[in-house]
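Q: Now for the letters of each chain:
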Amino acid sequence: MRITQGTFSFLPELTDEQISKQVKYCIDNGWSVGIEYTDDPHPRNTYWEMWGQPMFDLKDPAGVMMDLDECRKTYPETYIRIVGFDSTRGWETPRLSFIVNRPSTEPGFGVVRQECEGRKVRYTVHSYATDKPHGQRYTG
Amino acid sequence: MTDTDAQDQDTTETPQPLPDDTEINLQEIYEQSRVQEVFEDLDRTLVGLKPVKTRIREIAALLVVDRVRRDFNLESGAPTLHMSFTGNPGTGKTTVAERMAEILHRLGYVREGHLVSVTRDDLVGQYIGHTAPKTKEVIKKAMGGVLFIDEAYYLYRPENERDYGQEAIEILLQVMENRRDDLVVILAGYGDRMQKFFTSNPGFRSRIAHHIDFPDYEPDELLAIGDIMLAEQSYHLSEDARTAFAEYVERRMQQPHFSNARSIRNALDRARLRQANRLFQRGGTITKGDLVTLTADDIRASRVFDDPVDSA
Chain A
1 MRITQGTFSF LPELTDEQIS KQVKYCIDNG WSVGIEYTDD PHPRNTYWEM
51 WGQPMFDLKD PAGVMMDLDE CRKTYPETYI RIVGFDSTRG WETPRLSFIV
101 NRPSTEPGFG VVRQECEGRK VRYTVHSYAT DKPHGQRYTG
Chain B
1 MTDTDAQDQD TTETPQPLPD DTEINLQEIY EQSRVQEVFE DLDRTLVGLK
51 PVKTRIREIA ALLVVDRVRR DFNLESGAPT LHMSFTGNPG TGKTTVAERM
101 AEILHRLGYV REGHLVSVTR DDLVGQYIGH TAPKTKEVIK KAMGGVLFID
151 EAYYLYRPEN ERDYGQEAIE ILLQVMENRR DDLVVILAGY GDRMQKFFTS
201 NPGFRSRIAH HIDFPDYEPD ELLAIGDIML AEQSYHLSED ARTAFAEYVE
251 RRMQQPHFSN ARSIRNALDR ARLRQANRLF QRGGTITKGD LVTLTADDIR
301 ASRVFDDPVD SA
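One line per chain: the protein sequences are A and B, in this order. What the first sequence shows, in the UniProt record's numbering, is residues 1 to 140, in sequence order. What the second sequence shows, in the UniProt record's numbering, is residues 1 to 312, in sequence order.
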């Protein structure tokens, strides 16, 4: 199941050139650009690991692309996203965030039903990948 | 129409090679890139430096021709643009590097055309594992523009084999080779020490295409530079101050630690100080003329005049 989340979730995978242009858009807006990765792509997991520090003061996306290449090489079987963070007062939040790398196989999510008092049922989603411990979830 | 197309070509489409019989006006391309403006600016603001200006013009010509060759789909390979600027202090290396970034930008060889000027301290870390992220940070900031490394030979310290400079050098070499489209590196420093640096780091020499040597200024060029500096700050030399200043330059050149235009700037700064002091001590009222004029006394109060000339 192909997981989608973030700004361009409705689009097919972006090419490197398209990614680079989006990064350029972030830079031109004065946002810092961060690279983050995770092996727990639950939609509620907002805390992804940071690949290096968020990059401020860049002029050109080539630097981000260089880091992204390194991150992909180190963690080919994880989700990697690019986050454009706007630090202006009043915003102070990611303005744009999109997935730029995903594992070769994505087992997807199952529905979990929890029996509660009465005949109440609580539903939640559970990522099959997280059944395995961290580091063994996506092995390609 | 052919050459205008070449300029506006969108990078996302694969450019079609021009038909073989297309006629191209090199002059026109040159004018379109508005490099001429940079050269005119260079001529206006930088006195002398004939060989440097000639070299830069040659490089620009090569780049224009290279671009046209690419439009014809002729194999020319991405040109290596890394340079080394050697010369004594105060000969205009940093200023020329700024203009170089502008020229490369206008010719379309760097995307942004900004200059990131660094020294050893910005690249080399204090402890193990500090250097690589630091160097990469600088490189990322310089991407799309020009990375200017002043006094580059400090990166290499042969007397300390555990010096972290070597790590920075390796990262730089790798980027200079693999990221030629994204970044132009200019190494700068004094001639003889750069020479030594290149001998002990042959990797740098082979990756640098253009070695430009900055000659020392002649006395009359230094005077002209002084005039430009003063004019920028709305000052001028009185008639006898000019004679005094010419004498000053001659004496200063004989003395140690003479650093060309930088010495001139410092000398003029000190003269301004003395002028302000003089105006204060005189008391009474002053005119606009007093405010903008440096007199011979302001110049001659310098320590440079203390020694008799022939002892130098």
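Hints are computed from structural coordinates only; laboratory data are not their basis. The beta carbon of each residue, even a glycine, is placed where N, CA and C say it ideally should be. One or more of the hints may lead you astray.
Reference excerpt, derived from the structure (chain B facing chain A, CB under 7 angstroms, subset only) [claimed, not checked]: (1) 53; (2) 111; (3) 112; (4) 143; (5) 144; (6) 178; (7) 180; (8) 182.
Q: Could you run down the list of hints and mark each one as holding or not?
A: Hints, verified against the model:
For residue 53(B), the shortest C-beta to C-beta distance to chain A is roughly 27 angstroms, which exceeds 7 angstroms, and the interface hint is violated. For residue 111(B), the shortest C-beta to C-beta distance to chain A is roughly 6 angstroms, which falls under 7 angstroms, so the interface hint holds. The criterion of a C-beta within 7 angstroms of any C-beta in chain A is met by residue 112(B), whose closest approach is roughly 4 angstroms, and the hint holds. A hinted interface residue such as residue 143(B) counts as satisfied when its beta carbon comes closer than 7 angstroms to some beta carbon of chain A; here the least separation is about 4 angstroms, so the hint holds.
Hint status for residue 144(B) relative to chain A: holds, with the closest Cβ pair at about 3 angstroms, below 7 angstroms. Evaluation of the residue 178(B) hint against chain A yields a violated restraint, the C-beta minimum of about 9 angstroms exceeding 7 angstroms. At a threshold of 7 angstroms, the smallest CB-CB gap from residue 180(B) to chain A is about 11 angstroms, leaving the interface hint violated. Interface hint at residue 182(B): satisfied, since its Cβ lies 4 angstroms from the closest Cβ of chain A, which is below the 7 angstroms cut-off.
Of the numbered hints stated above, those contradicted by the structure are hints 1, 6 and 7, listed in ascending order.
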